[in-house]
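Engineer: Line by line, the protein sequences give chains A and B.
Going by my numbering, the first sequence opens with residue 145, and the numbers climb by one from there.
Going by my numbering, the second sequence opens with residue 215, and the numbers climb by one from there.
For the record, the hints were derived by calculation from the structure and aren't laboratory data.
One thing to keep in mind: the hints can contain errors.
[Stated by the list, open to error] With the Cβ distance kept under 8 Å, some of the chain B side facing chain A (calculated, not the full set): (1) 410; (2) 587; (3) 595; (4) 599; (5) 600; (6) 602; (7) 603; (8) 663; (9) 668.
Given the structure is predicted, the values throughout are model-derived calculations rather than measurements.
The beta carbon of each residue, even a glycine, is placed where N, CA and C say it ideally should be.
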Amino acid sequence: MDLEVQGRVKQLAEEYGKDELVVLLGAPNVDAARVQFETMTRGDPTYAGPLGGVELGLEAYHIFEPAVKEVIDPARYSDLIETLELGLEADSIVEAIQQARAGKN
Amino acid sequence: MIHTPGLTRYGSKPDREIAANPARLQELNGKLRSYAEARDYLPNQVFVGQQSPERLAEIARPWFGHRAALSEERKSFGSVIDEKPFLALVALADPFKHVALLDRFWEETAPMLQQSPVCKPLAASSPNIVDANGLKAKIAAGDGLPLFAGVDPQAVGWIANGHKEDGSLSAIVLLENLCGKVSAALALEELFVRNDGLKKPDVGLVLGCSEEAVGDRYQRGGGNMAKAIAEFSGCAMASGFDIKDFCAAPIPALVTAAALVHSGVVENAVVAGGSSLPKLGMKFLYHLEKNMPVLEDMQAAVAVWIGQDDGKSPIVNLASVGRHPVCAGASLDQQLKSLVIDPLDRLELAVPLVDKFVTELHNPEITLPANGGDVAERNYRMLAAVLVKAGKLARTEITIFMKEQGLPGYAPTQGHIASALAYVPHAYQGLTQGRFRRCFFFARASLFLGQMTQLSDGMSVMLERHP
């Protein structure tokens, strides 16, 4: 996961507290989604970035997850996200994130 | 295509990795292929037209290790050239004599050039020659790079820096440029050898669309590789210029060539995409890690002749051209809307009337081990999504659309060559002897890599069967 983004998330978590943050992921494939989720929860698995060894335990969702879709205006979602959802392996990404959240990965 | 294992070390990634850790060279050389392995590799056979792209779907990966039997029924439109004659041509294509070949190597290689119908016309002159002691002295003195054939540790030649203080004329840059020049000239020769209708003096314009930047310290990328290619090919009546648009350049080049021929500026134009040396071995560390051959040992080039209406050849439909305006932004779905949906709407064409949508056709066997995914499959899935969103395809048709109207990847990761251009000869066959009516080509360019804009670019055009 992008090192600058990791640094920014770490800074926000320190400034506002972990409980005040929800992370919205936009990874375009299963592998990247898993890495992003792990980085936001258990720390950077590659130990390359500022979140290496830092377990923030943030609440993180992928934009394709039903819980996220529910809170977005359907017309806007259709305009901006639906094509990507259709064109990327959305079901597999959602499944991978939900498994990771349940601690299966 | 040219199999260049000895030059793979001078790809950008291997060059940097070997500089940081010299032991990498032995690891790289240990995983390079023989000429016969590279020639018989199924994706390469597809590239030169010995096999159809559909054949890839019938044979499970890994394709390396599997030797593709030559198919009887298909007429190839290219060949796979060995590194030795290619290096000899690199020396012959160098007007400033920076390249010197070992005397013994030239003696061995000169007859090979004369035996090859595509090399022979380019081999009328003699190279700069050096004996073994002279070569040893050059290597000891530095100020250039040794040239190797395959994994043989004995150098067979030398390329000197073009200027002591000019990075744009360093040996590695000159070598990159000469590789692009020679490979493009070889692609032109394939065109002349296989088309009785085109003679060298008939070519009025060569349009370059390769990835190099020919120039000097005062004008990096000053250009006109196209004219250098025309000269080396013996197209005495041709002028030329280059079109730059990262990987997408072949499509604007095709469109420009067709527009210039259609408007009467020239009668015949040739679009030439030469090879990219820096992209050799780009993913070699992943291939080593997976204990597989380093598959990025191929340089590839394509040439396309755009001429007068002969009553049978496919038409470049200039009314179909799709552009990617600044206001479309950088998102992939907007890009595809500009490049695909808008032209289809303009032509009032339904999706089933296009036989093939042609875009980046990178060989997945190269990209998957490097976690780059299957580029072709990913692009077709996204294209299908955009077509669904535009109401031109049903959701239930996505899988069949990808299979029937898409293509599997087979091209080496040579940027612009993989970016649709590689399929032009297949499309030509389909649109003349086969069942195709229309092939829609589109290519995208990652302009942001040059850090002048965050945008990307792209262009599209339809090739149609002659009515």
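Engineer: Indicate, hint by hint, whether the structure satisfies it.
Structural biologist: Going through the hints against the structure:
Interface restraint check for residue 410 of chain B: the shortest CB-CB distance to chain A comes to about 45 Å, outside 8 Å, so the restraint is violated. For the restraint placing residue 587 of chain B at the interface with chain A, the shortest Cβ-Cβ distance is roughly 7 Å, inside the 8 Å limit, so the hint holds. A distance limit of 8 Å between C-beta atoms decides the matter here; for residue 595 of chain B the minimum to chain A is near 5 Å, and the interface restraint holds. At its closest, the beta carbon of residue 599 of chain B sits 3 Å from a beta carbon of chain A; the interface hint therefore holds under the 8 Å criterion.
At its closest, the beta carbon of residue 600 of chain B sits 6 Å from a beta carbon of chain A; the interface hint therefore holds under the 8 Å criterion. For residue 602 of chain B, the interface hint holds, the least distance from its beta-carbon to any beta-carbon of chain A being 6 Å, beneath 8 Å. A distance limit of 8 Å between C-beta atoms decides the matter here; for residue 603 of chain B the minimum to chain A is near 5 Å, and the interface restraint holds. For residue 663 of chain B, the interface hint is violated, since its Cβ never comes within 8 Å of a Cβ in chain A; the closest pair sits about 16 Å apart.
With a least beta-carbon distance of about 15 Å to chain A, the hint placing residue 668 of chain B at the interface is violated under the 8 Å criterion.
Checked against the numbered hints above, the structure breaks hints 1, 8, 9 and satisfies the rest.
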